[in-house]
Amino acid sequence: MVRDITLGQYFPGESWVHRLDPRTKIIVSLTYIVALFILHTFIGFAFATVVLIAAIAISKVPPKFILRGLKPIFLIIIFTFVLNLFMYPGDVLWHLGFLKITEQGLYKAVFLAVRLVLLIIGSSMLTLTTRPISLTDGIESLLKPAAKVGVPAHELAMMMTIALRFIPTLLEETDKIMKAQQARGADFETGNILNRAKNLIPILVPLFISAFRIAQDMAMAMEARCYRGGEHRTRMNAMHYGKSDALVFVLTALFVGLCVLERMYI
Amino acid sequence: MSIQVKNINHVYNKGLPDETAALVDISFEIIDGEFVGIIGHTGSGKSTLLQHLNGLLKPDDGQIIVGDTDITASGASMLEIRRKVGLVFQYPEYQLFEETVAADVAFGPKNLGLTQEEIDDRVRTAIELVGLDYDDIKDKSPFDLSGGQKRRVAIAGVIAMRPEVLILDEPTAGLDPQAHQDVLSMVRKIHEGDTSIIILVSHNMNDIAQLSDRVLVMDEGRMVMNGTPKEVFSRGDELEAMGLDLPDVTCLMRDLRSRGLNVPTDIFTEYEAEQAICKVIKGQEEKA
Amino acid sequence: MKFRTKYLIQAAVIAAVYAVLTVILSPISYGPIQLRVSEALTILPAFTPAAVPGLFLGCLIANLMSPVGIIDIVCGSAASLAAAYCSYRLRNKPLLVPLPPVIANGVIIGLELHFLYTPEMPLPACMGWVALGELGACYAIGYPLYKLLEHYREIFR
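Residue numbers (my numbering), protein chains in the order written: chain A, 1 to 266; chain B, 267 to 554; chain C, 555 to 711.
For the record, the hints were derived by calculation from the structure and aren't laboratory data.
There are no misleading hints in this set.
Restraint-style ranges between C-beta atoms, simulated for each label pair:
(1) C/Leu686 to A/Ile38: 27 to 35 Å
(2) A/Leu143 to B/Thr335: 52 to 60 Å
(3) C/Leu650 to A/Val34: 31 to 39 Å
(4) B/Asn279 to A/Leu70: 19 to 27 Å
(5) A/Thr169 to B/Thr535: 37 to 45 Å
(6) C/Leu686 to A/Val110: 22 to 30 Å
Which bits of chain A does chain C cover? Going by a derived footprint, with three or more residues having C-beta under 8 Å, they are:
(7) 83-95
(8) 201-208
Even glycine gets a Cβ: it sits at the ideal position worked out from N, Cα and C.
Next up, chain A with everything else stripped away, as it sits in the complex (with noise of 0.2 Å):
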């Protein structure tokens, strides 16, 4: 069961999109997801969506790929349709008893609706074109003005590197203990949530433990081999903002500018 997860959402490639800077990437899927909050008609989000399609077109990432991701999600998206659907004021489309739905509703579900969509599928081009070490890399690069106040970005990069390094293997190692604790009847499947949750100390106290003596001999080996910190510690694949990256930058700033113009306009 541990095994078939899928770590993360990165789809190995070699596309212009992979290639990018991870920094750009960052700042560009930031900026899209405010841009989706800037719109604010379904045109606009036309406009959005022929973006972002082109944008998986040039990445070669299988659109059955990317709706794969979205099969768990599925739900809620239908959940909050619905639910928008139903509690919108307004002149009344449809009626049963005490449940109405109304013609503002429909558009506001429908508006909701779409615009989660574009959100989720528009952040995880972020995901899908980058390595998480790449992603911690330019994370720590874009935080470094902030370690001038004293955010410690040079650290949390570290740890983020190696928390990363170490889930693969706590997942086999939870794998192991749930299956032991199977194997003396324990039963992670039926009852109620408060039961299920009882249940989980078998898994979690094993778990901390096993993790924390993973943990004191990685310290060890680290200062074993002169680790001291990350004043000045080079790194061994180097950022490079190129000739794409900035083309990027100018065609991104032009979709916000376009963004802007039609919340003023239309």
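Assemble chains B and C onto chain A, guided by the hints.
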């Protein structure tokens, strides 16, 4: 009690790019009272097979019948299966979690829904069976114990469920020679008790040769040999080709033979080796 | 062992455990109907200050691992950070330790839910809804976990 495995297959990650066949068409039978050893290189599917025997994994096709229950049928009670078939994983001490040894060993019996009296009784019996002093250790924290003690507590936790089949995955891994022998004696003792079938997975061929009535050899997801230790270990070349060792004693005999001493090589215990060598030397003395 | 490296590793481990627990128990870990068992870990700041960055990063990484999580990244992680810090300050009052995440997540995620998913649901309702889920994870699982881990304080030193 018997175990019948009929043509099971198990594939990991079906449909994904890293699809692998972990078990391919495995069939075998274990009868009441047998001590079965399973050997195979890492990745041959041993662990996967073990997890099928107590229902942790379900095969893609095929059947597994434990006692008179088909555990692969839908609706089979997992709790009942796990009571009958106890599985001790590698490095089982990493599953300890309770505040006291007694509480941890009681975890299994508690899950079986027994009365407090029954539980206490089983805990006491199990702890003594693994060679620890009940009164001394019952209130200690499992994390204050030595590695060897922790392992015994973990094994006690499984034995407390009184399984009819006990599966042990490398129970002596990481132990010093004394602890190693202690665990093996413990396993022998358990076999003499209520547990009628023992399945031992190990890389230690000496242990396998000494203890097993039958040996199953796994290679790349398939079961390639199924016979007595004598039968299996006589096929030394095939075993070596699979990356497996022979018992030390057998290696010694083969070595001696290749250097000209006329000794038989189908020897798997020290006693037989001693006898055979003495015989040959006496023979030579008589000639001379 | 130098203080610095230990702190670093502890934080990393906590982040990793949080992420693993969240990912394993998805899909209930994401979206507007969230029951993150990993939130039980919010009692950790009572044991080590490394849990403050640890939980923050854990939340960040967990959110990175799911398409729904990504929109949650800024708000979710910020909420975790604020909560962890407050829990750390309250570490001498065990019963209050699980409270900051309930409040922080309730407020911040509640705001997020209201504006993002269901603007028609009144803000207090959104907040209350999230707070309820947090209450379950933090007190029902977290507090017993706290009591258990109290016996094993040495692993944090």
